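Engineer: Please put together the full structure from these sequences, using the hints given.
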Amino acid sequence: MTAPVTTPETAAPAAAGQPFEPVILGFTCNWCSYRAADLAGTARTKYPYNVRLIRLMCSGRMEPEFILEGFARGADAVIMTGCWPEDCHYRIQSVKALRRFLFLRRTLSDLGIEPARLQRFYASAAEGQRFADEMARIVAEVKALGPIPPETRVALAEPPAAPPAAAEPVEVEA
Amino acid sequence: MTTEAITPAEADAVAEAKPRYKLAMYWASACGGCDVAVLNLGMKLIEFTERWEPVFWPAAMDAKRADVRAMDDGEIDVCLFDGGIRTDEDAEMARLLRAKSKVLVAFGSCAGEGCIPGLANQRSIEAVFAAAYDPELNDVNGGTPNGPWGSPYGELELPTLEVRLRTLGQVVDIDYLVPGCPPETERIAEVLGAVTAALDGTGPLPPKGAVLGAGTSTVCDECTRERGVKTIKEFKRIQTLAEVDPNLCLLEQGLPCCGPAARDGCGAKCPAAGAPCIGCYGATQGVKDFGARLLSAYASVVDASEPEDIERILAGLPDTVGQFYRFSLAASLLHGGRS
Chain A
1038 MTAPVTTPET AAPAAAGQPF EPVILGFTCN WCSYRAADLA GTARTKYPYN
1088 VRLIRLMCSG RMEPEFILEG FARGADAVIM TGCWPEDCHY RIQSVKALRR
1138 FLFLRRTLSD LGIEPARLQR FYASAAEGQR FADEMARIVA EVKALGPIPP
1188 ETRVALAEPP AAPPAAAEPV EVEA
Chain B
44 MTTEAITPAE ADAVAEAKPR YKLAMYWASA CGGCDVAVLN LGMKLIEFTE
94 RWEPVFWPAA MDAKRADVRA MDDGEIDVCL FDGGIRTDED AEMARLLRAK
144 SKVLVAFGSC AGEGCIPGLA NQRSIEAVFA AAYDPELNDV NGGTPNGPWG
194 SPYGELELPT LEVRLRTLGQ VVDIDYLVPG CPPETERIAE VLGAVTAALD
244 GTGPLPPKGA VLGAGTSTVC DECTRERGVK TIKEFKRIQT LAEVDPNLCL
294 LEQGLPCCGP AARDGCGAKC PAAGAPCIGC YGATQGVKDF GARLLSAYAS
344 VVDASEPEDI ERILAGLPDT VGQFYRFSLA ASLLHGGRS
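Those sequence lines, one after another, are chains A and B. Quick note on this note's numbering: the first sequence kicks off at 1038 and runs consecutively. Quick note on this note's numbering: the second sequence kicks off at 44 and runs consecutively.
Among the clues, some could well be false.
With a Cα cut of at most 20 Å, we get these calculated SDA-like pairs of lysine to any residue [as the list claims (entries may be wrong)]:
1) Lys-65/B to Pro-249/B
2) Lys-251/B to Thr-239/B
3) Lys-331/B to Arg-1110/A
4) Lys-273/B to Ile-1129/A
5) Lys-273/B to Arg-1128/A
6) Lys-331/B to Glu-1106/A
7) Lys-145/B to Ala-253/B
8) Lys-273/B to Ala-315/B
9) Lys-251/B to Gly-236/B
10) Lys-279/B to Gln-366/B
11) Lys-65/B to Lys-145/B
12) Lys-1180/A to Gly-1054/A
13) Lys-279/B to Pro-361/B
14) Lys-276/B to Arg-1143/A
15) Lys-279/B to Arg-1143/A
16) Lys-1180/A to Tyr-1084/A
17) Lys-65/B to Trp-95/B
18) Lys-276/B to Ile-1129/A
19) Lys-331/B to Arg-1098/A
20) Lys-331/B to Thr-363/B
21) Lys-331/B to Phe-1103/A
22) Lys-273/B to Pro-289/B
23) Lys-331/B to Glu-1100/A
24) Lys-61/B to Pro-247/B
25) Lys-331/B to Glu-1102/A
Pulled a few chain A residues facing chain B out of the computed Cβ check, cut under 10 Å [to be verified]:
26) Val-1132
27) Ala-1134
28) Leu-1135
29) Phe-1138
30) Leu-1141
31) Ser-1146
32) Ile-1150
Honestly, the hints are just simulated from the structure, not real lab data. Quantities reported herein were computed from a predicted structural model and do not represent experimental measurements. Every residue gets a Cβ at the ideal spot worked out from N, C-alpha and C, and that includes glycine.
Structural biologist: So, in structure tokens, the structure goes:
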């Protein structure tokens, strides 16, 4: 039996009085940070359950579009993780991911989304504990920030109302 | 551009042989540049009127909203709609023209992706009014014109601003999109020619949602400047350069050019003239978010690997939203941050 998965789109807004549980997307690379998450799992290291991990082959595969779409679909925060720069399996892609992260964080900040909602850290395949600690830190930070403003969640917004009958009574115009 | 002289009798024969289609053109929140681009067709426009009868075109002829309301649904064959949807009147006209038109075309950058007026989506209506009607600068009539307004000339009912600018496609169903700010005149002629042929049944009908009058690649593909290995150590402003290399890629010279993300079709006129592409043809095929694609391209060629160095280079772009979303903020994934 599997519990229903809460995606950003199906996450219910926190009821009044209920503690805010953020929905966070986490992108991992195949070779380091995903292995770190795996290690945290096999070692039974506990960390908050708010993060939904998505595995990419490399953090350099991370397109800024993925992150923006995550926010548009209601994620409260997005985490980019990857190999330490000197360990990247695809040479300099981890550095390119760092540049994209910095460019995007500035742009999001200019668009009114707090920089802390876009996070990044490195974790090697041996750093399961670090992975869990960083996740706990980020979840605490995002909880302190509160939910992302509803106007950012445009993808969830209702489509524009159906047009009223076009043949309105003719108005008198000059 | 010359047209063969034909006698009125011949013209009548041609008109009899081929149907004359009804054309509408409307401006919502726009500057009017798209209408001027169509008028720029010159003699070509006169030729088009042999096959096209303008029935509603506020920029060029006298016809009122009531005339459109009196039409049957689907009576207009093609409506070129330019301008974004910023006021309740724009939205009403969009719905009205959608109902009355067989083919509705989002014409130009405003209707397609919000364009410059869409940049106001970063601010609230109050902030927009505060900027536009600063009492110390230009408050000559008293108050801000929004909805009912007791003007010195009598009671007026003016359109009210909606919370953000929407693209035409975000308000009604659109059939085609013609990008550009404004669309290049020669491409407009191509589009009108192709649409005429499609309606005549002598040419293919483009699939719904197609982008007409533009390519599927990027402005870089059309640009004739030399491209080498890009390594940017600093973003520069064109005013600060003593000289722009006439042959080398502008991005390689540190000028923030939008070519890598922008759709081709314009002929890369700006880079050819020594000015960086500003991306007015919108995101190229398959790209959901212009800004995300452009910043990704810039990030790939920045020559720095330490966070401080990257931040220092990034500081050369003081207005990231204006740089990455100059024309496309209203159509971007985050819609400019306002729903």
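Engineer: Next, verify each hint and record whether it holds.
Structural biologist: Here is how each hint holds up against the structure:
1. Lys-65/B to Pro-249/B: Given that 20 Å is the threshold and the Cα spacing comes to 19 Å, the pair holds.
2. Lys-251/B to Thr-239/B: OK: Lys-251/B and Thr-239/B at ~16 Å, within 20 Å.
3. Lys-331/B to Arg-1110/A: holds, 14 Å
4. Lys-273/B to Ile-1129/A: holds, 15 Å
5. Lys-273/B to Arg-1128/A: Within the cut-off at roughly 18 Å; holds.
6. Lys-331/B to Glu-1106/A: holds, 9 Å
7. Lys-145/B to Ala-253/B: holds, 16 Å
8. Lys-273/B to Ala-315/B: holds, 19 Å
9. Lys-251/B to Gly-236/B: holds, 17 Å
10. Lys-279/B to Gln-366/B: Roughly 13 Å between the alpha carbons, so the hint for Lys-279/B and Gln-366/B holds.
11. Lys-65/B to Lys-145/B: Holds. Lys-65/B to Lys-145/B sits at ~10 Å (cutoff 20 Å).
12. Lys-1180/A to Gly-1054/A: Holds. Lys-1180/A to Gly-1054/A sits at ~14 Å (cutoff 20 Å).
13. Lys-279/B to Pro-361/B: holds, 11 Å
14. Lys-276/B to Arg-1143/A: Given pair Lys-276/B, Arg-1143/A holds - Cα atoms ~18 Å apart, limit 20 Å.
15. Lys-279/B to Arg-1143/A: holds, 18 Å
16. Lys-1180/A to Tyr-1084/A: Roughly 14 Å between the alpha carbons, so the hint for Lys-1180/A and Tyr-1084/A holds.
17. Lys-65/B to Trp-95/B: OK: Lys-65/B and Trp-95/B at ~6 Å, within 20 Å.
18. Lys-276/B to Ile-1129/A: Roughly 17 Å between the alpha carbons, so the hint for Lys-276/B and Ile-1129/A holds.
19. Lys-331/B to Arg-1098/A: holds, 16 Å
20. Lys-331/B to Thr-363/B: Cα-Cα ~18 Å, so holds.
21. Lys-331/B to Phe-1103/A: With a Cα-Cα distance of about 10 Å, the restraint between Lys-331/B and Phe-1103/A holds, given a limit of 20 Å.
22. Lys-273/B to Pro-289/B: The hint holds at about 17 Å.
23. Lys-331/B to Glu-1100/A: Holds, at roughly 11 Å.
24. Lys-61/B to Pro-247/B: holds, 18 Å
25. Lys-331/B to Glu-1102/A: Distance ~7 Å between Lys-331/B and Glu-1102/A Cα, so the pair holds.
26. Val-1132: Since chain B brings a Cβ to about 5 Å from Val-1132/A, closer than 10 Å, the hint holds.
27. Ala-1134: holds, 9 Å
28. Leu-1135: holds, 7 Å
29. Phe-1138: holds, 8 Å
30. Leu-1141: holds, 6 Å
31. Ser-1146: holds, 8 Å
32. Ile-1150: Given a least distance of 7 Å, the restraint on Ile-1150/A holds.
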